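Chains as they are written, first to last, in UniProt numbering: chain Y, 1 to 330; chain S, 1 to 330.
No lab work stands behind these hints: they were computed from the structure. Quick caveat: nothing in here was measured; it's all calculated off a predicted structure. Hints may be right or wrong, so weigh each one.
Identical chains blur together in the list; that is why a pair holds if it fits in one copy or across any two.
[Stated by the list, open to error] With a cut-off of at most 25 Å between alpha-carbon atoms, the simulated DSS-like pairs for lysine-lysine come out as follows:
| hint | residue 1 | residue 2 |
| --- | --- | --- |
| 1 | Lys177 | Lys17 |
| 2 | Lys225 | Lys322 |
| 3 | Lys260 | Lys232 |
| 4 | Lys12 | Lys87 |
| 5 | Lys234 | Lys144 |
| 6 | Lys144 | Lys319 |
| 7 | Lys12 | Lys319 |
| 8 | Lys87 | Lys225 |
| 9 | Lys321 | Lys17 |
| 10 | Lys12 | Lys134 |
| 11 | Lys242 | Lys49 |
| 12 | Lys49 | Lys284 |
| 13 | Lys260 | Lys330 |
| 14 | Lys225 | Lys66 |
| 15 | Lys284 | Lys177 |
| 16 | Lys284 | Lys225 |
| 17 | Lys87 | Lys109 |
| 18 | Lys144 | Lys109 |
| 19 | Lys319 | Lys242 |
2 protein chains.
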Amino acid sequence: MDEKMNTKANIKDVASKATVSIATVSRFLNGKTERMSKETALKVQAAIKELNYVPNDAARQMITKKSRMIATIVADVDDYFATEMFKGISSILDAQGYTAVLFDSDTDKNREQGILKIIGEKSFDGLIMQPMLKTEADLRVAVKRNLPTIIVDRELSDSNLANVVTNNFDISQQVTKYYMNQGFERVIVITGELSGVSTREERYSGIRSVSSDAILMEVPSADTKLSHTYDKLKNTLIRDDKRTVIFALKERWLLHLLPKIMADGFMANQQVAVTGFSDTEVIKAINPGTSLINQNPFLLGASAAELLLNELNGEIVTKNKKIIIPAEFK
Amino acid sequence: MDEKMNTKANIKDVASKATVSIATVSRFLNGKTERMSKETALKVQAAIKELNYVPNDAARQMITKKSRMIATIVADVDDYFATEMFKGISSILDAQGYTAVLFDSDTDKNREQGILKIIGEKSFDGLIMQPMLKTEADLRVAVKRNLPTIIVDRELSDSNLANVVTNNFDISQQVTKYYMNQGFERVIVITGELSGVSTREERYSGIRSVSSDAILMEVPSADTKLSHTYDKLKNTLIRDDKRTVIFALKERWLLHLLPKIMADGFMANQQVAVTGFSDTEVIKAINPGTSLINQNPFLLGASAAELLLNELNGEIVTKNKKIIIPAEFK
């Protein structure tokens, strides 16, 4: 029996058995067989099989110069939604020996461009981002290399990058129907500036598909405590006695409006109902009876990480793939 | 006039003018003059002055192999306190051409050790951390290289690393005095497990320095909605009619207890007051009259980043330096 059989084969053994260079074996192991003859590829494959060669992780890393670091960019690191998404991403990547690091674009497009440029220059193996930018071309301009990328929470136009999003349209439609069936007659939508943010646009479209005359109230960015917006809302509510649902596209708006609405007695006799997208347990703590839309940011992140791993392992084509994670209304 | 004067001098020009190697000039530029004769250092300095040589940032980076990436580790990325601290760190580092990246130890010591090991292996220039580990020795075991490090929010034992913390003891003492002066007779402290977390221990000591018989209620980790803790609290409150301050060492406890305390009418006639450490605007939204301790996580982060920059620039000795950021009671 050959002595060699008792020790673990390494990449050099494979190269010499296949009579090719170590670089060729490395290229084969990393799936870069485009510029390799079929004959060479088969020789390497046969040598690997015969020697029972298993590239270990460390060796693989050395060969590939992979950093096993994955960059994540979120729009605002202060949002619980964003950090839970990051925890979901980490949970999947950790198990595969990758480390996720978090960057904050701070809802600033220029800042995001700067971060992308740095990620492009450093040896990150992949990128998961909740984008401020609008197109894949914007991304390419900044990154300047072929970096496996998954888009999460929002959608790009003119892009075939894999994408993971909440069922924003469907859940908004479904919840609006629920209130209309309960005899509510009017919807007031509370949101930040609608235009250009795909999640908000989808949600508003879902509401309008049921209630075409839903009233849109965009909160001006200067109105931090929503006192101005509440005055506007109150004026609408007291003008007539239509039963009204107040539908907030973001938890922050509810946080400021709900205590005021409760204090002014609007919720008595189910005259006014309040609902919206909510990520934390805060609103239920203020009013346990509120029904809310809970997204699943952890699962959004985990699913994005799975897509990225598929792409990194070259197993599955992820281009144009879209995963939709249902939100819950409860 | 020398032709050379019209073009920008580079590091090679400096080396040849000083008749030393490029490596020597590089060491000089990076302040590593320990193993350089005084004569050599003076020659390099003279050549730099004569040629009016200014190392540009890119060149400096190439010379030093600095990545200009700073690692930040927080205990729980879902905490607003942690992410605001990160925003503070970024605000200072950005302006100096450094990029901060965020890691989440997820309040898991083993996970933190793994992250530290990775940071040690990669080319990060510095580290700012809110530690789970307890000593500098634990840190050194994991990082295995001389990485400039600043400790923030918590304190290590047996450590001379620079440290930025809130005035936890003083503010807790001051707030307890305030309530005692208002005629309150009893303090109930609500906290997670006290032992081993320096911030909590400092706060509790501050309270006890004024009210030595303060009642300690540690929330068991399984009691996520605090229903068990509230039952215990309620039993204590109804047993007698002592005017009581409920002092939460973390906002999350207030979030769950305050609506229950209000609903049960305990706050009528100022029989019970509620206060504590609070990072967001949530509690004021639930009850605008609550007085709270606001820390300044942004400033904590910014101050830690300034200390780190001092250390990276070799300008100021930061060892044993401690910066205390006052919290506000309002």
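Hints versus structure:
Within a single copy, Lys177 and Lys17 get their C-alpha atoms no closer than 68 Å, and across copies no closer than 80 Å, so neither meets the 25 Å cut-off. Taking the shortest alpha-carbon separations for Lys225 and Lys322, neither the intra-copy value of 37 Å nor the inter-copy value of 36 Å comes in at or below 25 Å. In this assembly of identical chains, the alpha carbons of Lys260 and Lys232 lie at most 25 Å apart only when taken from the same copy (13 Å versus 31 Å across copies). Within a single copy, Lys12 and Lys87 get their C-alpha atoms no closer than 39 Å, and across copies no closer than 48 Å, so neither meets the 25 Å cut-off.
Within a single copy, Lys234 and Lys144 get their C-alpha atoms no closer than 51 Å, and across copies no closer than 61 Å, so neither meets the 25 Å cut-off. Only within a single protomer do Lys144 and Lys319 lie at most 25 Å apart by alpha-carbon distance; the minimum there is 18 Å, versus 40 Å between protomers. Within a single copy, Lys12 and Lys319 get their C-alpha atoms no closer than 35 Å, and across copies no closer than 48 Å, so neither meets the 25 Å cut-off. For the homomeric pair Lys87 and Lys225, the shortest alpha-carbon distance between copies (21 Å) is at most 25 Å, but the shortest distance inside one copy (29 Å) is not.
Taking CA atoms no more than 25 Å apart as the test, Lys321 paired with Lys17 passes in neither setting, with 40 Å inside one copy and 60 Å between copies. Taking the shortest Cα distances, Lys12 and Lys134 never come within 25 Å of each other, neither inside one copy (47 Å) nor across copies (45 Å). Taking the shortest Cα distances, Lys242 and Lys49 never come within 25 Å of each other, neither inside one copy (75 Å) nor across copies (80 Å). Taking the shortest alpha-carbon separations for Lys49 and Lys284, neither the intra-copy value of 59 Å nor the inter-copy value of 67 Å comes in at or below 25 Å.
In this assembly of identical chains, Lys260 and Lys330 lie within 25 Å of each other by CA distance both inside one copy and across copies; the values are 22 Å within and 21 Å between. In this assembly of identical chains, the alpha carbons of Lys225 and Lys66 never lie at most 25 Å apart, being 47 Å within a copy and 43 Å across copies at closest. For a Cα distance limit of 25 Å, the shortest separation of Lys284 from Lys177 inside one copy, 22 Å, qualifies, whereas the shortest one across copies, 33 Å, does not. Both within a single protomer and between protomers do Lys284 and Lys225 lie at most 25 Å apart by alpha-carbon distance, with minima of 20 Å and 11 Å respectively.
In this assembly of identical chains, the alpha carbons of Lys87 and Lys109 lie at most 25 Å apart whether taken from the same copy (24 Å) or from different copies (16 Å). In this assembly of identical chains, the alpha carbons of Lys144 and Lys109 lie at most 25 Å apart only when taken from the same copy (17 Å versus 37 Å across copies). Taking identical chains as interchangeable, the C-alpha atoms of Lys319 and Lys242 are never at most 25 Å apart, the minima being 48 Å within one chain and 66 Å between chains.
In summary, the numbered hints that this structure violates are 1, 2, 4, 5, 7, 9, 10, 11, 12, 14 and 19.
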